[in-house]
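Colleague: Same order as they appear, the protein sequences are chains A and B. Per our numbering, residue 2 is the first one in the first sequence, and the count goes up by one each step. Per our numbering, residue 23 is the first one in the second sequence, and the count goes up by one each step.
Any given hint could be a false lead.
Claimed, not checked - A few chain B residues that face chain A, going by a derived Cβ cut-off under 8 Å, partial list only:
| id | residue |
| --- | --- |
| 1 | LEU47 |
| 2 | GLY85 |
| 3 | TYR112 |
| 4 | GLY121 |
| 5 | GLU130 |
| 6 | MET170 |
| 7 | LEU173 |
| 8 | VAL175 |
| 9 | TYR177 |
Read the hints as simulated data drawn from the structure, not as lab findings. Ideal Cβ placement from N, Cα and C applies to all residues, glycine included.
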Amino acid sequence: MNKSSKIIDPGRSDRLRFAAWPHSPDDCLACGLCSSLCPASGIDGFDPRKVLRMVELGRIEELVEARWLWLCTMCSKCVVYCPMQINISDIVRSIRTLWDREKIPGDLHTGLVRALKTGNVNALSSQEFVSRMQAIADEIAAEPGFEGFTVPIDKEGANLLLTVHNKLVLRFPQDMKHLWKVLYLANEDWTITSENPEGSNWGYFNGDDPAAKILVGRIVDHMKNLKIKNLLWPE
Amino acid sequence: MTRSGLRKWYPESLRTFGTISVPELLVKYIKEERIKPEKSRFQGLATYHDPCNFGRKSEMEFGRGFYDEPRWIMDRCLENWVELYPNKKYQTCCGGGGGTLTTPYDRERTFYGRKKMEQIRAAGAQMFVTLCHACHGQVNDIKKTYGMEDLDVKYLWELVLECLQI
Ligand code: SF4
Ligand code: SF4
Chain A
2 MNKSSKIIDP GRSDRLRFAA WPHSPDDCLA CGLCSSLCPA SGIDGFDPRK VLRMVELGRI
62 EELVEARWLW LCTMCSKCVV YCPMQINISD IVRSIRTLWD REKIPGDLHT GLVRALKTGN
122 VNALSSQEFV SRMQAIADEI AAEPGFEGFT VPIDKEGANL LLTVHNKLVL RFPQDMKHLW
182 KVLYLANEDW TITSENPEGS NWGYFNGDDP AAKILVGRIV DHMKNLKIKN LLWPE
Chain B
23 MTRSGLRKWY PESLRTFGTI SVPELLVKYI KEERIKPEKS RFQGLATYHD PCNFGRKSEM
83 EFGRGFYDEP RWIMDRCLEN WVELYPNKKY QTCCGGGGGT LTTPYDRERT FYGRKKMEQI
143 RAAGAQMFVT LCHACHGQVN DIKKTYGMED LDVKYLWELV LECLQI
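One chain only, chain B, in its complex shape (with noise of 0.2 Å):
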């Protein structure tokens, strides 16, 4: 949204200062080797979720969407991870966005979670790795519905700076 909105209100501004996502700080990072992640730490089977906003929006509204990169930084901490079936464009969205974690449908949300979590059940993940705070939000308060409390819900960021020798 802030994204959008630079380019829609203050287009001029974005040519005073440089904009880096998430996913791309930590790639930069890793390949100039000022964190060093090792793949050591979780031998469980991990699965990744693209949030709506970082893939398929982002490409829709910018023509790219940030797909490599959290993958790529997957594969620099984990031995073992699968993906979720649809993933990048093609992904089911978690049911936390849209401000839906504000209102009071609590118990709709939950249920919107349900083919979430059906996949991540499928892939027989152990851990969830995300990027966005609502998918984060959203899997770590519908888990138990679901009967998956054990799921190790995480952010790419938690996950990379667990990977490093500190």
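Only chain A is shown next, with the shape it has when bound in the complex (with noise of 0.2 Å):
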């Protein structure tokens, strides 16, 4: 399709449809702050003001094909910056909301799917899992000054619930000694756990609430089957 020659409709203007999002793309002044302060803007034709306008013409069947939507970080400095107080970085997620699930790029989908039905991202058998938290563990204990470390794993009454960044487990595990050694040292009664250890919620890039209500449950759930008295937020 020839996307110059399209010509702009108003009859296609659907504003309805997006009349329950937080913020109504009718505000915008077409500033182009936003559009200029963007990292994004202009790689492959993503441009936030553009999002707006197509929200408003409500074009919304090339915005679940876009590819360049997800460019955008969600970082929200457009919104701070923005004089109209829209929230861009809802829109965003508001419209990937919308996308067919297998239409969307890389692993944000698939990887959650591993999730929901594994418990993690990585799709490790719980059993998997603990013996690769035991093997950073027994490197740490190797150490001077970290003689007998452990990882405590399921600890009912902990004091402190660890949530474990599925990047680290497999690509960085070295990555996951320096939080634990601070633990140790610092004396605290931690535990991560070993069904569902993870903390990092892709429900939330893919605005898959559903999914991400999950999630967040899982750990709802460690608090309380386990007696834990705090929650470290994931991120």
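Could you use the hints to bring the two separately framed chains together as a complex?
Modeller: Structure below.
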């Protein structure tokens, strides 16, 4: 389709569809502040002001096909600067919600499906996850000053629940050590969990609220079942 | 995200347990003298990057961003560190958030990060400290492209750990 020759038809404007959204794109002054400060502006045709215009014009079919929609990091810098306080991050996320799940680029949806099914993005069995964690703990215990170090797993009544970042488990296990060591040196009473150990929530990036809710619910369950006193915010 | 999800979907649970962020936890440990970082470890110039989620987005959603805690900790670990500009609420995103690290758009993500890398270069920093896994992953991943492979990218708690006498 030749987009440049497409005639804008106000009849296609479909405001009701966005009525439930937190901010009306009608408010946009087209001042361009968002576009000029967004680091993703101009990449592959992305432009936050254009997103607002397209929403306003009801061009939703294009928005749910546009790969550039995934270049926005939802950092909200544009929101802070927007003179009309339009929450562009929220709008981008709301458009992502409308995407056909199968068309979401990369691993964002597939990873989320694995997390829902297996309890973690890496799809490790609980046994394998635990043995990997213990292997890291053993390495720490071999270092001077950390003799006797162990990683507490499913410890009932612990003071602090630590969630595990999926990226660290397979790709950067060494980076898991720093915080563990600090907790050990501070004499913290902490724990991780053998099931559903992760904290980062891909349902958030995807605009998938039902999935996001399940993942947050897992943390609530840990807190309740293990009677943990405090949750360390995952990120 | 977990924080807004708890508030939105499980508000009653927030009455049954406490919550704390990493920077608050580190401040608590240092104030209670459970750990004692020393400033002698690093001499080079460092800088701190406010992750969107701990800073601006936290301020917008919950009324307060974690700006002061990380800076208080930086002050306790380093003689020599400078701010990036702009910072705090007006900080520039590194380009690794929002799930971009899991998309196949690596070239675009790397280009997005140019503003952050320019900031770091302008600050003259040899060490880049942050709180977020995405920021850490992104800056480490793209620094070579920008000719900054020597930039030492650290988590704040990693910096704290390295400043402890063990
Ligand atoms: S900054 Fe706000 S008002 Fe200005 S163009 Fe962007 S969305 Fe519209
Ligand atoms: S939230 Fe998205 S559109 Fe706004 S400045 Fe950040 S990357 Fe750009």
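Colleague: Look at each hint and say if it fits the structure.
Modeller: Results of checking the hints against the structure:
no. : hint   : in the structure
1   : LEU47  : holds (6 Å)
2   : GLY85  : violated (14 Å)
3   : TYR112 : holds (6 Å)
4   : GLY121 : holds (3 Å)
5   : GLU130 : holds (5 Å)
6   : MET170 : violated (17 Å)
7   : LEU173 : violated (16 Å)
8   : VAL175 : violated (11 Å)
9   : TYR177 : holds (6 Å)
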